[in-house]
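Q: Take a look at the letters that make up each chain.
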Amino acid sequence: MTTPLNRLKQYKSWGRYPTVEHKAIHQIHWRSDVPDINKFEETVLPYGYGRSYGDSCLNEGGILLDTSYMQQFMAFDAEQGLVRCEAGISLEQILEVIVPHGWFLPVTPGTKFVSIGGAIANDVHGKNHHRAGTFGCHVTQFELLRSDGRYICSPTENVELYQATIGGLGLTGIITWAEFKLKRIPSPLIDQEKIRFANLDEFFAVSAEMDQKFEYLMSWSDCLSGESSMGRGIFMAGNFYDPPLGSEPIANKLKPFVPFDLPSFALNTLSVKAFNAVLYRIPLGKHVRSIVHYEPFYYPLDAINNWYRLYGKRGFLQYQLVVPIEGDNEAIREVYRRIAQSGEGSFLVVLKTFGDIASPGMMSFPMPGVTLALDFAFNGEKTLKLLDELDVIVREAKGRVYPAKDARMSPENFRAYFPQWEQFAHYIDPKFSSSFWRRVTASANGR
Amino acid sequence: MLKIMIIGATSVIAQETARFFATEGAEFFLVGIPMDRLTVIKDDLIARGAKRAEVYEADLTDFGKHPQIIESAVQTMGSLDAVLIAHGTLGNQKAAEASVEVALKEINLNLLSNISLLTLLANYFEQQRRGCIAVISSVAGDRGRGSNYVYGTAKAGTTAFMQGLRSRLAKSGVAVVTIKPGLVDTPMTADVKKNFLFAAPATVGKSIYLGMKKGKNTVYAPWFWRYIMAVIIHIPESIFKKMSL
Ligand SMILES: Cc1cc2nc3c(=O)[nH]c(=O)nc-3n(C[C@H](O)[C@H](O)[C@H](O)COP(=O)(O)OP(=O)(O)OC[C@H]3O[C@@H](n4cnc5c(N)ncnc54)[C@H](O)[C@@H]3O)c2cc1C
Ligand SMILES: NC(=O)c1ccc[n+]([C@@H]2O[C@H](COP(=O)([O-])OP(=O)(O)OC[C@H]3O[C@@H](n4cnc5c(N)ncnc54)[C@H](OP(=O)(O)O)[C@@H]3O)[C@@H](O)[C@H]2O)c1
Numbered sequence: 001m002t003t004p005l006n007r008l009k010q011y012k013s014w015g016r017y018p019t020v021e022h023k024a025i026h027q028i029h030w031r032s033d034v035p036d037i038n039k040f041e042e043t044v045l046p047y048g049y050g051r052s053y054g055d056s057c058l059n060e061g062g063i064l065l066d067t068s069y070m071q072q073f074m075a076f077d078a079e080q081g082l083v084r085c086e087a088g089i090s091l092e093q094i095l096e097v098i099v100p101h102g103w104f105l106p107v108t109p110g111t112k113f114v115s116i117g118g119a120i121a122n123d124v125h126g127k128n129h130h131r132a133g134t135f136g137c138h139v140t141q142f143e144l145l146r147s148d149g150r151y152i153c154s155p156t157e158n159v160e161l162y163q164a165t166i167g168g169l170g171l172t173g174i175i176t177w178a179e180f181k182l183k184r185i186p187s188p189l190i191d192q193e194k195i196r197f198a199n200l201d202e203f204f205a206v207s208a209e210m211d212q213k214f215e216y217l218m219s220w221s222d223c224l225s226g227e228s229s230m231g232r233g234i235f236m237a238g239n240f241y242d243p244p245l246g247s248e249p250i251a252n253k254l255k256p257f258v259p260f261d262l263p264s265f266a267l268n269t270l271s272v273k274a275f276n277a278v279l280y281r282i283p284l285g286k287h288v289r290s291i292v293h294y295e296p297f298y299y300p301l302d303a304i305n306n307w308y309r310l311y312g313k314r315g316f317l318q319y320q321l322v323v324p325i326e327g328d329n330e331a332i333r334e335v336y337r338r339i340a341q342s343g344e345g346s347f348l349v350v351l352k353t354f355g356d357i358a359s360p361g362m363m364s365f366p367m368p369g370v371t372l373a374l375d376f377a378f379n380g381e382k383t384l385k386l387l388d389e390l391d392v393i394v395r396e397a398k399g400r401v402y403p404a405k406d407a408r409m410s411p412e413n414f415r416a417y418f419p420q421w422e423q424f425a426h427y428i429d430p431k432f433s434s435s436f437w438r439r440v441t442a443s444a445n446g447r
Numbered sequence: 001m002l003k004i005m006i007i008g009a010t011s012v013i014a015q016e017t018a019r020f021f022a023t024e025g026a027e028f029f030l031v032g033i034p035m036d037r038l039t040v041i042k043d044d045l046i047a048r049g050a051k052r053a054e055v056y057e058a059d060l061t062d063f064g065k066h067p068q069i070i071e072s073a074v075q076t077m078g079s080l081d082a083v084l085i086a087h088g089t090l091g092n093q094k095a096a097e098a099s100v101e102v103a104l105k106e107i108n109l110n111l112l113s114n115i116s117l118l119t120l121l122a123n124y125f126e127q128q129r130r131g132c133i134a135v136i137s138s139v140a141g142d143r144g145r146g147s148n149y150v151y152g153t154a155k156a157g158t159t160a161f162m163q164g165l166r167s168r169l170a171k172s173g174v175a176v177v178t179i180k181p182g183l184v185d186t187p188m189t190a191d192v193k194k195n196f197l198f199a200a201p202a203t204v205g206k207s208i209y210l211g212m213k214k215g216k217n218t219v220y221a222p223w224f225w226r227y228i229m230a231v232i233i234h235i236p237e238s239i240f241k242k243m244s245l
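Residue numbers (our numbering), protein chains in the order written: chain A, 1 to 447; chain B, 1 to 245.
FYI, nobody ran anything at the bench for these hints, they're computed from the structure. It is possible that some hints are incorrect.
What the hints assert, rightly or not - Across the chosen pairs, the derived CB separations fall in these ranges:
| hint | chain 1 | residue 1 | chain 2 | residue 2 | range |
| --- | --- | --- | --- | --- | --- |
| 1 | B | 71 | A | 77 | 28 to 38 Å |
| 2 | B | 68 | A | 186 | 48 to 58 Å |
| 3 | A | 36 | B | 245 | 28 to 38 Å |
Claimed, not checked - Think about it this way: if two alpha-carbon atoms lie no more than 27 Å apart in a straight line, the pair counts; the simulated DSSO-like pairs of lysine-lysine are:
| hint | chain 1 | residue 1 | chain 2 | residue 2 |
| --- | --- | --- | --- | --- |
| 4 | B | 51 | A | 181 |
| 5 | B | 206 | A | 9 |
| 6 | A | 12 | B | 193 |
| 7 | B | 214 | B | 51 |
Said to hold, decoys possible - A short list of chain B residues far from chain A (calculated; beta carbon distances all over 10 Å):
| hint | residue |
| --- | --- |
| 8 | 23 |
| 9 | 79 |
| 10 | 213 |
| 11 | 229 |
Backbone N, C-alpha and C define an ideal beta-carbon position, used for all residues, glycine too.
All chains, please: the whole structure from these sequences, using the hints.
A: Next up, the structure:
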């Protein structure tokens, strides 16, 4: 319950780009007491913790409905592993309650400061996508409050609204509460392995085997190295640690670390140093094993409060793409080449394969393939131009870009990535809109 | 396990405090209005680890009901280890300036209801010779200010009442804890423009929880308000009256 969330809320997105003005912010404190949406002249958009990077959680000139104050648990079944709670509860708070009972989140993104509403609306994925799919795959039901009434949505009730709301970018209504299944864990510890790979060829060669062996898997990859070592990096792999019977509980010895504020120059230098240190300490082909608490394994960045500040006032852009795994994965190589050429590095990228577990979400981002997440300090046109170039590659490869991290994709590209957008649009509540949605559905020339 | 009565249990600060006690498996007797919100809070505390939570609907300006509230609490729970009083309204200072009725209504809720409840509770805890009585007052009670002195008066009265009660109950081993939050982001301040001094209710809840466990006399929440108020109360009145605070 220490989430440093609502102090001086700024109602921006995590990348601090773009920043927009809202007409008004309405806090929702009780799920039984949501203001009548029809009374607003402007459109509304739910807002959780603003951990989306771009403009999908912003509604310029309109109204934000701050759902992060709705923080009541409704039920926790510690036998069956089922939680029902209000949409504003953070993953952090849920972990505090469930982990002591031997349960974990079925899927978690790389930060625990996101709300359940946000996790559903972006249908978030984690390091176990190849095993568990997206968060939406584990949602058994939720309540959706629209301008025309309240709906209980589940795989069997109001099915279409259920599918449209998972990954629905907050446009189909307010999720007031949700119920989802948990995952049993033998301990709060992770049996972690770090394994070095020399280049992308090696990454692809062992990826499938690694997916088999590890429930949680992602890698850091260097995207500025030369052609032969292109994409070299480290697999960060893990399974929950099952302590042997009768062993001394080490859980108490390993403490999650405490957040600290870094001075603003540190993130890049720090991550580069950490990366190099790990990379060169691990001999090729060797596994470096350790038992760690789940906190540093899943949420390394949460230890650094407000790390977006590290990019300064102009903010930064995230770019996450997925493309199918095909042939010799020329698209991914081309992405690496472009970035290296541009000099706009993101030195470190996150590289991971997505599995083929389908989400119920109509607009869900993940699809079978390989995904890359990059961040770029915002350097104006130069940065935008590079990302437009990457879009061309992704689009040709029949891939997608993640709306939760986007602030700039063109309407044409959006529609190519998500051809189902028109079908989805039927389920959007007419009183709801977002800066993102207006941008990506603007008519191509009328921009 | 601790048995705690929370009066004004719908307060967000009180809820955040209760969540810390809940993780320890505490038992609750929740008093406030309306019933459906109390039930929501009950379910939350149970899911977070509370062993038990009972609800009791009462408008706290209904003074006649106060003895009944406390009797039912003691009867239902067997005994009480602690009580936290949290209800209140920020009120509208301008309206209170324009109307005696409004001003007195503020005082009625934010001061007199506390005095009524505390008088009854003091006797219960004095007899029991142990326990903890905590009330959420406010830094606003440390000095009257032009912008909200009616609320400030109620809080100053509450603080003074608690001071006296503390001396009286010290002999019986009962802790009397005055909580003075600064600015907190709750429904009460929904319409107040937020600045960096605003604290998250969970932060304040944690201070209250720790203050109650340690039986502190006065808890400023967050802690830095102790120093802000130390400065504010020492500004000479001749200067203070010209400041717009
Ligand atoms: C450090 C970091 C790491 C991340 N790692 C990952 C990752 O590994 N995988 C991944 O998928 N994402 C990741 N993300 C992105 C993040 O998980 C998503 O953007 C998430 O949706 C943010 O949730 P939020 O509560 O902050 O919602 P916001 O960003 O405030 O809102 C996100 C969307 O949800 C909608 N929404 C919020 N609440 C509700 C509600 N109650 N009802 C209806 N709609 C609602 C909003 O309208 C908006 O469209 C990461 C972000 C950060 C900062
Ligand atoms: N928030 C701050 O900045 C701040 C600062 C200093 C001190 N405080 C004090 O902290 C305490 C808790 O406030 P909070 O910030 O948690 O705000 P809050 O969530 O609005 O809590 C106040 C609660 O009191 C309830 N209440 C009001 N009149 C009542 C009555 N007659 N009978 C029963 N319940 C009644 C309110 O219920 P309804 O909502 O249904 O009216 C509300 O739930 C108050 O004493 C307040 O003065 C707050």
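Q: Which constraints among the numbered hints does this structure fail? Numbers only, ascending.
A: Violated hint (a single one): 8; every other hint is consistent with the structure.
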